[in-house]
Amino acid sequence: MKPKAAFYWCASCGGCEEAVLDLAEGVLDVVAAVDIVFWPVALDFKAKDVEGMEDGAIDISFVNGAVRTGHQLEMARLLRRKSRLVVAFGACAQLGGIPGLANLTTAREILCEVYGEDGPRREFRENGHTLTLPELFDSVYPLNRAIPVDYFVPGCPPSPKIVADALQTLLSGVLPEPGTVLAPDRAMCDECPRRDSHPDELQFDCFHRVQERVLDTGACILAQGVPCLGPATRAGCGARCISGNMPCTGCFGPTSHVRDYGAKALCSIASVIGASDADEIDRMFENIVDPVGTFYRYSLPSSFLERKRLE
Amino acid sequence: MPERIVRIGVYTCHCGSNIAATVDVKAVAEFAATLPNVVLSRDYKYMCSDPGQDLIRQDIRSHALNRIVVASCSPHLHEHTFRTALKVGGLNPFYFHMVNIREQASWVHENRVQATRKAKDLVRAAVRRVAFHEPLKRGRVAIHPDVLVLGGGIAGIHAALTLANAGKHVYLVEKEPTIGGHMAKFDKTFPTLDCAACILTPKMSAVRSHPNITLWTYSEVVKVDGYVGNYKVKVLRHPRYIDEDLCAGCLDCLEACVYKQAKVPDAFNLGLSKRRPIYIPFPQAVPQVPVIDPETCIQFKSGKCKTTCVDACGERHAINLHAEPQAHEIEVGTVILATGFQTFDAARVPYYGYGRYGNVYTALEVERLVNASGPTAGQVVMRDGRTPQTVGIVHCVGSRDENTHRWCSRVCCMYSLKLAHLIKEHTGAEVFDFYIDIRTPGKGFEEFYQKLLNERVHFVRGRVAEVTDWVLDPSEEGRLVIRVEDTLAGFVRRIPVDMVVLATGLEPRADAPEIRRLFNISCAGEGFFLERHPKLAPVNTFTDGVFLAGCCQSPKDIPDTVAQAGAAAAEALALIDAGYIETEPNTAHVEESLCCGCKTCMSMCPYHAVSFLPEIYKSRVNEVLCKGCGTCVAACPSGAMRQNLFEDDEIFAEIEGILTNA
Amino acid sequence: METATETAKRRITIDPVTRLEGHGKIEIFLNDKGEVDRAYFQVPELRGFEKFAQGRTAESMPQITSRICGVCPTAHHMASTKALDRLYQVEPPPVARKIRELVYNTFMVEDHALHFYFLGGPDFVVGPRAPAQDRNVLGVIAKVGVETAGRVIAMRRKLRELVALAAGKAVHPVFGLPGGVSKPLAQEDAAQFRQVAAEAVEFAQFTLGLFQKVVLESADYVDLIRSDLFTHRTYYMGMVDEQNRLNFYDGQLRVVAPDGHEWTKFDAAAYAQHIAERCEPWTYMKFCYLKGIGWRGFADGPESGVYCVAPLARLNAAEGMATPLAQEAYLQFFGTLGKPVHHTLANHWARIIELLYAAERMQQLALDPEITDPGVRTLATAAPREGIGAVEAPRGTLFHHYQTDERGLITRCNLIVATQNNAARISLGVEKAARGLISAGHVDDGILNMVEMAFRAYDPCLGCATHALPGSMPLVVRVCGPNGRVIHTLRRDADGKIHRN
Amino acid sequence: MPEEFEPKIVAFFCNWCTYLAADLAGTSRIKYAPNAEVVRVMCSGRVDVQFVLKAFAKGADGVLIGGCHPGDCHYQEGNYKALRRYRLLQRLLRQMGIEEERLRLEWISAAEGDRVRVVIDEMVETLRRLGPLHKSEALMEVA
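Protein chains in written order, with this note's numbering: chain A, 1 to 311; chain B, 312 to 973; chain C, 974 to 1474; chain D, 1475 to 1617.
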């Protein structure tokens, strides 16, 4: 009998489904291999049915997207109850993702920005009709802050190879350590085609912004003075951005030995500059104009601080 | 592999009342007992005492403890003690963590409640941390048997001879053209009044002739690499333009110098006499080899000298005016720093008139005046040629003074008494000693003071206000007046004298900071080199294999200096004869499965301890070269670099422990 | 707490769980007679990109904004990149423009093809009256044959591999930079583009043929397309080149009135003078309308500022296609339906014509000898201030508008995404469909499907989700009796099965 | 009420300078505020930015890093690495709404026992003024 699988997304862009579709011919095998008992697009009315299921009736649930509304929170909890395994699929579910940058602001600020002072309301009445909108949390949360998560599939989106390997591992029956991130536990440089051009002595007197430079298509991007987070970022993507001649921005998150991705990346980048006097140092960091956006682009909600301080 | 089930024993020390007075030790112990993994928590009067250590040893066996936390004093004091206790108790010594609730709680806080709370937090942090500790092995580093002794004063000389006599090879490096240091300038030594030269010069020539001593005078250490047991030291030998091996010490060249009169102020005599451009510091100098001073030698300045010195030397050809500085790389296992002191610059206290009035002298100058082999052949004649009828000796110049140095220089009282005696002896002058307190803590010191009292030296208790030539009374005409409040008589006195002697204090040498950096040791606040522990390790530094002797550590007299030099030599010998030293295992290491070969670590390490292995594309740490700072660990972007005893897990656990109920 | 009057009302909730700014939702309120009183089209989620873009670097926007939608990331990436050109006042070298347009059309082919086969396809290929459980991709496969299905999947794979080849990643590309692209196109890559482009043209022709065979040759279908239920006389907007021919990547925006005449034509940079956004208190979606006409509520006709974008609108707004085969198809399209076409369902046909155009355009560019020039960047020297960029996304015109400080940190960001342009028309379309199909509280499968078709014809990016296999938008209608209690629920879910309980 | 607020400071002291300075403060019986608790590291260069953020996240109101004076590092230049990280981290903290006074990097040599008092007392004062750094409340208890 085929394992029962469920797919659900919280706040995400759809890229993770595209990533599954990018298995191309492989998709049909997947559809064949599992028995899909819950399809995310059907969530509202089927939620009731899921509630009807016995706890643990679903063998494995793949959840992508971060948690940002009360509704998503309920669904995440429901799925946790009903599933033997829950897999956080993609950067948003694992780390909070780019929408997690919303943790630099609040729901109120967002609404004011988009609609001005009188924007949409949680509850609206018009000649007797009542329409409601779900609550937006002030913060975006990675899935494992809402529920315990068994496995993580990293990437924004996960690369086809990572998806294929992950599915194979999970359906194989021989399960890895709970909490495992289903990707190589090494940094991206390991699979970078340019790693041989990586100099022995990393030392910079300033960093460049990517639009200020025409990057050599063969040489280590960090060595060219553009902050590339490859050394801090988990491998498995196949160095896709590097082959696009752009620096790694860290969507695969940290390795297993790093707890706060951005902190570690910052710590490492800051270590390799030349200066020793404070003003010199500040000058060298001039081009890192947005530290949070640079080091926490995908992982702010999963960082130690989680969000900008709420006054 | 760390043991599965963690069983922690926590020991909280009273340190007599040192801790217990401000920290509720019982409460801390009871609190510790409630923490996870803690199976036993005790408090005890003195954990470092033998019965205290025995507690640990017993409990390890009887309660199957596999982690130990001791809350007592600074790990710098007793970490080693307790680790050893674990070892004896049959447990890996690194299953241990120490909590500092004395220096960092009981001694610095007054509020008992808060001090106790803090102690509990720190204990909680340690308990969490120690659970992550892993069994570690100390590395062994072989000790190179050769020793570097820096400084050729009495301290360096004594240390060098002690080591050389024990059969060790010593490099004795001295900045000046001769060894002997300050002591060589003295005439007699207190309190025994035996002649300094008679006790020093034999040791000096012993150094010169000792087969196990390589003596490099007129030389400086310019670079130090390596680590305990294996220091690589670069010594720069300044050219004295006269080859030490070829020179027979006949000194004909001095006579032959085109300068018939000596014109250059003689540094050894503190400018009280003149020398030629080619000179020997003093007759008993070791080595007995002249030096040419290029600053003043015509040949060097104009190239137009007849170089009669060279002719005088004849076929010995010892003089080489083209000599270059020579650099020597030597390998030594241990280092003894005996770089000495400098005397306080009396010009810094203008109200005592030094430099303004010719007849105001420093004590060291007077040492030369009373010295038979000095500039005046022992005649005490002043700069104006007269012999003083009355002499005033001012104590504590640049000592015990808020405006200059706060410390007592320890030797001034005694050498002032000595000089008073010698001046009286040489001139029969009337001598006044102006003192704040007379300090005579030493064998035969107080007796010497009594002797001086009997010799009718006048002791005036009071800090001298000024030395002036402003005459208020005909009796003061042409003399120097010392204004002082006589605190015994209780009124201000004006005492006219012919000669004033300033008993200048001892201070760290100007180049002490340089030396400190070269050898990677610390200075105490006043600038003297810092010993590892003022009582338990007075000649050790925080850098293994580097020891201190003499006044570079603090002012002291000759007996103490010699004793300390012997102690330093003994410490070095202990290391050398053991043949190896055990190193802290707190080195970095690469978890290869995680390393992606980004090489960030390599640019972090000042010791080149990290190398890159292209064949496996990973970094690797040479644990002997690694000094365990952990900078590469913090910098490693993928967490592949780790540090024993300072693992991320351990530090995070400590942080959480501190903040758990914050 | 519900008021007495409200408890008397009946409510139908159609809840297709969808994407982009979250999940789209349709609320239909019936009056006591069971007639439709009011229908609302709600978007209940918002991610606040415009807010948290503030403080980010301008150069990161092409990658950050692509995360708005993982189905059409290339559209956002491209609009953003074009905005950066303007922000830094730098003109990309010709080859860079060509590489961008090449990649962009490659993406259009893939996106349009997928929509037709996996989403729009089932309605037509399998047939609107076919049993619901067959109306999905498997039904399509059954109808067109397995090898065709395989061909569709393979085609998609190759196209996405090409995008990744030039842009780094297919989902969330990285190659866009102010003044050009991050790397030149290698000879062998260009060769691959040429080869796949040829296949794509063939594939597009085949698809068009298929559509003609199963749809246009069936009177039922044509009637359905023409049916008044799916007809709204609104304004149409689309991007055109100098000769007013359709272009996805660049050009001016042309708006035609319901009668087909050009009403206005403007540069993207001037969008704010022509397009206004208004928000309704009951949805997070902002509705666009033509400033020059003004807002007259959810209504069509020349008096209402409601307008429409996406394939049908683009064809209406253009005077022709820049490629031969597409031009033929263009003429046949309007020959059959007259110009302008106001039938929402004609979007499917228009989409295939665009598919053909995109494939041909892709081929033109791939064959351009200049396409492999190495000089793909003009470095910016000017200080950044303000920049606006627009492209035609598969689902319609997409605007990115940034302001920055002198260090190039975003101070203000305004985004008008394709579906916002259509939001008003979708709403009125849904309401019209509901009024036409629901009477006396009677609700059946047909209604579900019709409303679904009205909705899906736009391929609203809210519907991106349904690009996922098996590719049928599930719907629910909840009929509520007094006290808002559910009398019965009717739903068609992902696997196409009808459930009644 | 601010007067009841006791700031909590996590202090990372290097083994060779600042930790010794703290020991000296102890042996000199210098009294200072009990709000700072020390984590000993071999060198300020070991202080990972993660440690600092962890401390803030776990409830520290301030973090103090103590190292050797420039040029005096026991490990030659570890303190410079610390300085570089500190400067960049300060800019990140600003974005995260954390006042820069909450993170201090101080050079305190083994001889400067009293400096330990001055720095810690100053910092406690500043933190009393700034009030507690409460990080955002957890969204939910993990099931």
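It is worth saying that the hints were derived from the structure and are not from the lab. Virtual Cβ for every residue (Gly too), placed ideally from N, Cα, C. Incorrect hints may appear among the rest.
Claimed, not checked - Just some of the chain D residues that point at chain A, by a computed CB distance under 8 Å:
hint, residue
1, I1504
2, H1543
3, P1544
4, L1557
5, L1563
6, G1571
7, R1591
Quick rundown of the hints versus the structure:
Residue-level restraint check for I1504/D is violated (minimum Cβ-Cβ distance to chain A is 28 Å; threshold 8 Å). A least Cβ separation of about 12 Å between H1543/D and chain A goes past the 8 Å threshold, and the interface hint is therefore violated. Restraint check, P1544/D versus chain A: the minimum CB separation of about 7 Å is within 8 Å; hint holds. Against a cut-off of 8 Å between C-beta atoms, the interface hint on L1557/D holds, since the closest Cβ of chain A lies about 7 Å away.
The criterion of a C-beta within 8 Å of any C-beta in chain A is met by L1563/D, whose closest approach is roughly 7 Å, and the hint holds. This hint holds: G1571/D has a C-beta 3 Å from the nearest C-beta of chain A, less than the 8 Å allowed. Checking R1591/D against chain A: minimum C-beta separation of about 24 Å lies over 8 Å; hint violated.
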